[in-house]
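Engineer: Given these sequences and hints, build the entire structure.
There are 2 protein chains.
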Amino acid sequence: MPASIKDVAERAGVSIGTVSNVLNRPEKVAAGTREQVLSAIAELGFVRNSSAAQLRAGTSSSLGLIVLDMANPFFQDVAKGVEDVATELGYALMLCNSDERGDRENRHLQVLEEQRVRGVLITPVSVGSDRLDALRRRGTPTVLVDRHDPRVDCCSVAVDDVAGGELAGAHLIGLGHRRIAYVTGPLGLRQCADRLAGLRRSVAAAGHDPDEVIEIVEAPALKARIGYEAARRRFDDGPPVDAAFCANDLLALGVLRAAISTGRRVPDDIALLGYDDIEFAADAAVPLSSIRQPTIHIGRTAARLLIEECDRPAAHAHQQVMFKPDLVVREST
Amino acid sequence: MPASIKDVAERAGVSIGTVSNVLNRPEKVAAGTREQVLSAIAELGFVRNSSAAQLRAGTSSSLGLIVLDMANPFFQDVAKGVEDVATELGYALMLCNSDERGDRENRHLQVLEEQRVRGVLITPVSVGSDRLDALRRRGTPTVLVDRHDPRVDCCSVAVDDVAGGELAGAHLIGLGHRRIAYVTGPLGLRQCADRLAGLRRSVAAAGHDPDEVIEIVEAPALKARIGYEAARRRFDDGPPVDAAFCANDLLALGVLRAAISTGRRVPDDIALLGYDDIEFAADAAVPLSSIRQPTIHIGRTAARLLIEECDRPAAHAHQQVMFKPDLVVREST
DNA sequence: ACCTCCGGATGAAACGTTTCATCAGAGTCG
DNA sequence: CGACTCTGATGAAACGTTTCATCCGGAGGT
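So the sequence lines, in the order shown, correspond to chains L and G.
Counting with numbering that gives the first Met the number 0, you get residues 0 to 332 for the letters of the first sequence.
Counting with numbering that gives the first Met the number 0, you get residues 0 to 332 for the letters of the second sequence.
The set of hints was computed from the structure by calculation and includes no laboratory data.
Fair warning: there could be bad hints in the mix.
Note that the list lumps identical chains together, so a pair holds whenever it fits in one copy or between two copies.
The calculated EDC-like cross-link candidates involving lysine to aspartate or glutamate, where the alpha carbons are at most 20 Å apart (straight line), are [to be verified]:
| no. | residue 1 | residue 2 |
| --- | --- | --- |
| 1 | 222 | 68 |
| 2 | 5 | 113 |
| 3 | 323 | 208 |
| 4 | 222 | 282 |
| 5 | 222 | 278 |
| 6 | 79 | 102 |
| 7 | 79 | 98 |
| 8 | 5 | 42 |
Here the structure is a predicted model, which means the values were calculated and not measured.
Structural biologist: Right under this line is the structure:
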């Protein structure tokens with residue numbers, strides 16, 4: 000139904016090859032002819048059918064990005080970074096959300112593969128997915144985001160969570176805190192465990208016994224509500240702590256709410272340190288100190304690595320990039 | 000390079016037509032043959048090339064969704080609703096983010112059109128975009144999300160902002176507040192203006208003079224930081240107000256921060272009412288009362304309307320659906 | 001024994017591009 | 001004036017599917 004290149008050719012009185020040239024290498028065609036073709040295109044409202052183009056070309060110029068959770072500010076920023084670089088370098092981006100569910104991840108990989116995307120950026124629900132391996136084996140470049148593949152056969156871009164924990168510990172110890180609660184999600188999550196490891200390391204490095212100083216408060220999820228509830232419970236019984244380091248900002252905001260609603264002053268009665276530096280951290284009731292991850296930068300780097308591998312696979316060597324986080328000090332510490 | 004349907008056919012010792020049948024109408028092919036073909040597919044790691052399929056079919060089975068801002072929880076929920084319905088009904092979804100920029104919107108529309116998507120859901124940067132009209136004229140069904148087209152020639156799904164303002168006004172007046180600040184973004188935005196109109200209407204309906212009761216505090220954007228700054232300025236000079244109705248939750252959270260940091264108690268010294276009921280509203284330092292929009296429902300409805308129009312264009316009549324928001328009372332009022 | 005019917009497999013056409021070898025015509029040069 | 005070159009246009013092949021008319025062989029009916 001829609002106008003095809005052939006219609007345009009007829010209308011302009013040229014061959015379809017010429018129309019194709021106008022579309023793809025305008026400089027190769029004489030100015031007069033070009034004008035005619037362009038106006039025919041405009042009159043017919045012609046839009047190139049990219050299915051046909053891709054079919055012929057054998058590959059598309061789009062990338063797929065599969066994230067765990069679009070509601071998570073971390074991934075929003077990563078996506079923004081990827082998008083920037085992709086459009087800048089002439090690639091389209093297909094954004095997919097797996098919602099941490101393996102079945103949805105697989106379905107997305109399936110359609111991306113059917114579309115013959117040029118490459119895939121993904122934070123896999125679990126490292127070592129069959130479908131993902133198969134994709135890579137079939138020759139589609141892949142970059143892991145915020146994850147590492149122990150078998151170094153693809154690029155990955157992540158942030159050093161141990162270093163983040165160290166940063167946090169050094170900051171709190173430096174401020175004189177000696178009773179620190181580590182409010183975390185499930186320690187089964189690598190991020191949570193790594194941040195704890197970093198915290199312990201820096202406490203030890205300062206000459207204190209981590210087991211004395213650190214108290215672990217493990218909550219079932221990384222959400223504000225959960226942080227609030229855990230903190231309320233902890234405030235009710237148990238000896239006081241003078242600082243809390245939270246595995247992410249949402250937990251920290253929950254703890255902040257608990258502190259305010261029980262009449263504690265932040266940071267005088269209890270210092271509060273978050274992780275991620277989400278946009279809202281700066282605008283919390285008490286602006287939150289936090290560990291910032293270079294999120295947009297992660298996205299940009301991942302996209303650049305992927306496109307490099309797509310454009311010149313021969314010259315490409317896989318890299319495992321690891322960024323260092325920063326400490327952002329605000330009023331809560 | 001990747002295996003094609005022809006390779007599968009050879010391997011299984013059948014014709015390509017049969018392979019296609021196995022893929023698309025498995026019940027039409029004898030069990031034995033089907034098994035052979037399936038195992039050939041598995042052995043070769045064959046993945047159908049959807050470009051070729053689409054080219055032949057003339058149309059794809061995917062929908063496009065273009066939102067203004069993926070960081071906005073409103074659109075995240077809408078997207079979730081759309082995604083649910085789309086996958087449920089066998090459509091793939093291409094998620095695009097215009098970031099409120101017309102050029103990006105146009106580029107996204109361009110690629111969606113080149114991909115021959117079956118239909119488009121969009122919150123346009125501005126109603127009446129040329130490219131969008133052209134798309135519709137060329138026969139691609141379109142549904143407006145959170146917008147209305149005065150020239151009723153497509154479906155739209157929106158929420159009644161005037162009703163939301165009324166709800167807010169009735170609530171605050173009912174609680175006895177007579178000095179209400181309306182903290183808003185630019186009144187040029189329809190949403191902000193509508194909510195004000197509703198507020199005025201309900202104040203008037205309660206027998207009070209809107210100009211007496213309502214004080215407009217217009218801020219340049221709908222962000223927490225901006226809300227904080229506007230509230231601090233307003234607190235410093237000017238007569239006290241006993242309630243603030245904010246055009247969205249982010250502004251309200253900013254006002255909350257200003258209240259807390261100046262020692263005001265919420266809701267005793269000042270009641271606070273937000274709009275949108277974002278997830279974080281319930282977990283703010285003082286859990287925020289808010290006007291809730293049925294966001295997932297909006298997405299689901301919009302997707303259903305679009306797919307209905309795609310599947311049976313003849314039987315389809317355009318509808319302008321308008322949802323009513325709800326009041327959610329928490330501790331801030 | 002013949003005809004019909006039917007489940008099931010086949011082969012070719014068509015979808016809209018891109019690419020590439022070829023061709024026509026206009027200069028250029030010896 | 002004929003042999004070349006250069007610019008720009010042409011036509012056909014190819015990409016991987018889906019679809020549809022056709023074909024084959026065996027079962028059922030007469």
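Engineer: In ascending order, which of the hints set out earlier in this document are inconsistent with the structure?
Structural biologist: 3
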